[in-house]
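Peer 1: Read off the chains here:
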Amino acid sequence: MREPTNDVVELRGIDKSFGAVRALQQVDLTVAAGECLGLVGHNGAGKSTLMHVLAGTLAPDRGAIAIRGADETASWAVSSAQDRGVRCIFQELSLCPNLTVAENARVAHAGIKGWGWRRRASRLIVDKLDEIFPGHGVKGDDVVGDLSIGQRQMVEIARAFTQTDEERLELIILDEPTSSLDAVSARQLLDFVRTFVDAGKSCVLISHLLGEILGYSDRVAVMRDGQVVANSPAAEMSRDGLVAAMGNVAEAQQGAAVRQSSEHVRADTPVAVEARPPTQQDDQAVTAHRGEIIGLAGLAGHGQTDLLLQVFQAGKRARGKTKHTRVMQSCALVAGDRQSDGIFPRWSILKNISIRSLGQLRRGPLIRTAKERELAESWRTRMGIRTPSVDNGILSLSGGNQQKALFARAFGSDAEIVLMDDPMRGVDFGTKLEVYDLIRSEAGNGRTFIWYTTEMEELENCDYVYVFRNNRVVAGLSHSELTEEKVIHSSFEGEG
Amino acid sequence: MDQLRQKLGEVPWVWSFLGAAVMWVIAVYVADGKGAGDMLSAAMSFSVYFVIVGIGQMFVITLGPGNIDLSIPANMALSGALAMKVMGGSDAMILVGLLAALGSGVAVGTFNYGLIRILRIPPIIATLSASFLIQSVAISYGRGLRIKPPEGLGEFMSVQLGGVPAIAVLTVGLAAIMAVVLGRTPYGRGLIAIGQNTRAAWLAGINVEVTRYLAYTLCAVFAGLTGALLAAFSGGASLNMGEEYLLSSIAVVVIGGTSIAGGRSNVPGIVGAALFLYLMVTMLNAMGAGPGMRSLMTGLIIVGVITLAGGETDT
Amino acid sequence: MLERLLSPRFLRAALPAIALAAVLLPIFAIQPRTMSYFGLDLLLNLAIPIAFATLAQMFILTVNDLDLGIGAYVSLVACIGATLLNSAPLLGVLALLGCVAAYTAMGVLIQLRNLPAIVVTLGMSFVWSGVAIMLLPQPGGEAPAWLQGIMSFKPPGVPFPIVAAVVMGLVVHFGLLRSATGTILRGTGGNARAVQRAGWSLLRTKATMYTLAGLFGLLAGLSLVGITTSADANIALRYTLLSIAGVILGGGEFVGGRVSPIGAVLGAITLTLAVSFLSFVRIPSEWQVGSQGAMLILVLAARAIITRREGTASWKTA
Amino acid sequence: EDLQDTSDMRIALSNNYAGNSWRQAMLKSWEENADEAVSAGVVQEAPSFTTAENQATEQAQQLQNLILQGYDAIVIDAASPTALNGTVRQACEQGIVVVSFDAVVTEPCAYRIEVDFKGMGERQVEYLADRLEGSANLLEIRGLSGTSVDENIHAGIAAGVEAVPRFEIVGSVHGDWTQSVAQKEVAGILPTLPEVDAVVTQGGDGYGAAQAFKSAGRDLPIIIMGNRHDELTWWKQQKDANQYETMSVSISPGSSTFAFWVAQQILAGREVPKQMTLPMLTVNQDNLEKRLEQTQEGSVTNKTYSKQEVIDFIQQAKSN
Ligand SMILES: Nc1ncnc2c1ncn2[C@@H]1O[C@H](COP(=O)(O)OP(=O)(O)OP(=O)(O)O)[C@@H](O)[C@H]1O
Ligand SMILES: Nc1ncnc2c1ncn2[C@@H]1O[C@H](COP(=O)(O)OP(=O)(O)OP(=O)(O)O)[C@@H](O)[C@H]1O
Ligand SMILES: [Mg+2]
Ligand SMILES: [Mg+2]
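Residue numbers (the working numbering), protein chains in the order written: chain B, 1 to 496; chain L, 1 to 315; chain Y, 1 to 318; chain A, 1 to 320.
Honestly, the hints are just simulated from the structure, not real lab data. Do not take every clue at face value.
Stated by the list, open to error - Beyond 12 Å from chain A on every Cβ pair, some chain Y residues (computed):
| # | residue |
| --- | --- |
| 1 | Ala101 |
| 2 | Leu112 |
| 3 | Val171 |
| 4 | Leu202 |
| 5 | Ile262 |
| 6 | Ala302 |
Said to hold, decoys possible - Quick list of the computed label-pair ranges, beta carbon to beta carbon:
| # | chain 1 | residue 1 | chain 2 | residue 2 | range |
| --- | --- | --- | --- | --- | --- |
| 7 | L | Ile177 | B | Lys371 | 16 to 24 Å |
| 8 | Y | Val281 | B | Asp146 | 58 to 66 Å |
| 9 | B | Trp115 | Y | Ala101 | 29 to 37 Å |
| 10 | A | Pro108 | L | Val164 | 39 to 47 Å |
C-beta: ideal position from N, C-alpha, C; glycine also.
All chains, full assembly: derive it from the sequences and hints.
Peer 2: As structure tokens, this is what we get:
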């Protein structure tokens, strides 16, 4: 990896506060041409806020911004950032769901207009998609709202990398781009980032997957509580070093994450959930016994989320039954697409957590507010949600912390079955380990988990894993049989 | 200043009360200090109906964009006629008559919801279409004839305790209960959650359809109740007595600080807004403004108040 | 091919046209005279102003707002058209421009102060009505001859209302759905923050949409007064609800910037016809009002079948 | 005796509103009369059509459909005196006889059976001038703003007050011809008003005004009544209790039958004046009981017209 030569951007002494929260304190950061800077830090460390400042969507309280050595602080805004070739893929979806893929490209590129602009826009974005994500399956005239979250993420990424003739492109900020992608697409993206950077452009990559950061960036900066606490070439960094710098308590458990086999559970305990995808042709079904952790694997968008919804819907029925599904206990769901499936944007953190538990918080017809607060506070501590007060709006939380609130909602409820829809999107490394622990101990107490995940290492936590392909279960692997090769093999070749 | 704004932002209903107070002061000033108290009691006795209807409409509006009940006027006409006919002028039948009005409300609400749920008709059009049907039922049932309310009920509607109408006190009680239902019961929470994000609400375990059904029914029941009360108060039901409630019911809700985008509701604000609208008309009447001027001023005042009160704190 | 024709997506796009056919064909059957040039002209000419008003409402709905004042605004324009525009053309034109400017200002105010549009437009509806009453305390006035002339224009072959509907539907379709700028305007309804982050000014989009709404409201008022030849202050109050219903019937949605101009025009025509359909059949007088409701329900019930099918289809891709 | 046989002719009633007792009575009178006429073979059919909403645009649409259906005559109670003109002209051009009544249209090709609304306003003030001595304060309850009926009655009242300088209108509200609205508006303005000696109305608002005065604890002024059963009943009660005296002026809903026969006579070839003025229906202290007896409970006072009455009326109008 080569040494940075000249700086594309330079941030000096950036401060940003939201009310009492000091999101950024005296942050210095530079990105050089031809460099991929990895940015890591716990949830709420200030990474996204810093990137908003860099992209011009948030004005810092103090500090200076320079582009190629020229001070731009005074005039820094979205448009000047765009003029200077700085682009950002935000953590939250920035596509217009009512527009087509091509039209969304047009929104981002003011230059696409005039006769035949649709064709040009469509070609531009589809070419880029082909380049980054071969086999993406997205068409230029698909309406974004109809795409899966993974596909939307691909479109958003491709859109940021497209370049019309008159545009400059120097630096791309990727804020947790892989959180909604499956392993294959994530790898495609990261490989593309390397070619992009090797061509002399720059990139800031934010991720909670330390492997991605260490494997693909030239330099790594670590943020903690609004400050950059470490900044050195990736080659000099180790996984342990990163974890230590991020200040995670859970670091000790690292590596010990492998779960003890618990196959005995299968035999002894009653069935909690039985569900067959409606298109399944053989009699293979997803079965979960009480106290088990069941993993759903396979490429994104192959029917795992649908199965969870199918179970959830049956669970809402009084008798817990629909045509293909049997659910014996009550269900809660941890959404992965938190914007559309999870949070209530106008509510406080407290109300977002308690909504699933109102029934049990009741005395007579009324909710006991003291109990409600108790519930929220206790889960804030258990999940480590970073906020001065649970009465703050949910949107004041960083992405990962919002996700933690959704965990708190499900775990704090009386549901016996917890369905998880790729729930670790945006959750930081340390917290993940804590949540794994929590899930295991809850399972030990008899809770059942059905867990769709796109990350291989998470499957290690499961007692039994079902691999999906084309809306069907194509393989069932017990913990002892589970290997990455088997999962990947079934994901691709399970059946036509 | 910012802090004050924020404080006020937490209690958006103060604006409507503030507005009402300003209107009242101006009206009293214009009338050379005459009738300040009488003006308030008149405002209270007439605001009652707007408050009750408004609360129902608020439950529907809270469900989120596109949810508005336009069948309120027809519903009021029908239930008013029904109540008066059932009561047949006899004090003994008052309770039965009121129950009949509530029952017709339940029927209307169920019908509205059925159109929305089973036929998937967007609520605005569903309730608009329903209102035509209901109006026909009201016409064919009542034949446009006006039936007098029982003496006892008519008198009760204008009982005053030291200038405060008894019915206003009851209405404030009802509003308080509904505020608690909205803020402190699982049902209310579920309703507000649906208004913010229906899918997320469903996934959080809320019985979406039951909640929506209850909201539409509650709205219709409140409109039905208002129909009966208004008929009693104004000496009989008439086909057109609900007409002005079409827009007013929406106006009191939104001026009262409920977010039209759903997910934020405000019961006290409705009371303030109803008083505000009534006193504003009183003020303009007292000033002797002509019809055009009065309408113009009404509009400017509403826009002015909402601009002062500031917008939604979030988007 | 048949599969494509029966696909839910296609059916949903075709729904406004199906609904229109469902109303129009029975009318043709009951009263064959309506199928003539003269018949169609009579049957449809009052749909022109409604279609304009519906498009105006659609612009507002595109940016997730709702206009409760469009009916009053159209009435005001009609009043100006029947008074000032005739008696003092220059003043009349200025007044009309002022109306459009007021709509622009309303959009700016709503955006700058982040106000709920529904309250502002409701408040403004009183303003429009007030000015209209001051201008025309009692019904009357006379539309300028040129305006009456335009509205009674008889093009060869195809009745004027059909020509007008096609033209306005296509113009707005290309302007809003196909043009590069229209994309930004609709995107604002879909995800305002995303559009803003891409460097576009939300103030400008809001102002543009409200200006367009003001402009189409203006066309609605003028075409209305061109047909009726004179005006009154309440002449178009019901356009408010009718226009909302028209947009929705045409496949638009309340939030999310999903609208269809052609659908809206068809929706407006369908509603106009649904209302008049009933004077072709004999119904006891007390049930006449109700049967209009029943008509609307029937027309919209088609949605149920289609959306239900679509519901099962989208289940898979959710 | 008709010059032409009308037994195969069709007359339609175009109505724009059904939401109050007056319109209901009007429709009922029409239907009863039409049924008789049809069974007597005078006309082939005479259906009525009502629009769902009280709007000129919708009524214009309805008229156009009636034209398309080829009716021989159309009788109109119009939503607007002018906004239907374009359509009415189209009807005339098709050779259809157009007769408007109650709320008439100004289009010259149509026949107008008018009510002297301005006179109705003047008449009220004249009556009060007789009743009240010295200066007096008047409260005016107006109807729906922006309509011609409201403007005309108001103009009559204004002219009347002009002529009687000792009268002053101290307050004016719009009751929208809806009793509950009138009651609300009057109750709102009352606290700001000095002593009120009389209330001038547009009919139908009297009872609401009386309620408002009662609940404000004010002395009852002379309230000009309309034609509703409850107004007359209230008046009767007050009369019996304390010799309360007032008057009532109104338009008879049976004017629809008058319009029907006019249309029939025109079709039958009789020459009819383009414009006729129907007398007002008045109730005074003496005929109150009789009128009340004839009025169905909850409805309005009515007078329907027979064919012969209408023929006589036409003759008289022609000779004037
Ligand atoms: N709009 C806001 N209002 C209030 N506080 C905010 C707002 N946006 C961010 N914050 C706070 O600023 C801090 C930094 O948030 P930021 O989103 O930058 O974290 P992050 O490092 O990106 O976290 P994550 O990994 O979870 O995405 C957090 O404490 C967050 O709660
Ligand atoms: N998969 C889904 N994702 C999101 N929202 C859904 C889904 N399925 C249903 N809904 C929403 O929830 C509503 C159904 O609400 P409700 O909570 O009553 O469902 P349910 O209890 O599962 O159904 P039911 O009681 O009718 O069997 C639907 O109208 C729809 O809006
Ligand atoms: Mg972040
Ligand atoms: Mg249910």
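Peer 1: Flag every earlier hint the structure violates by its number, smallest first.
Peer 2: The structure breaks hints 8 and 10; every other hint is satisfied.
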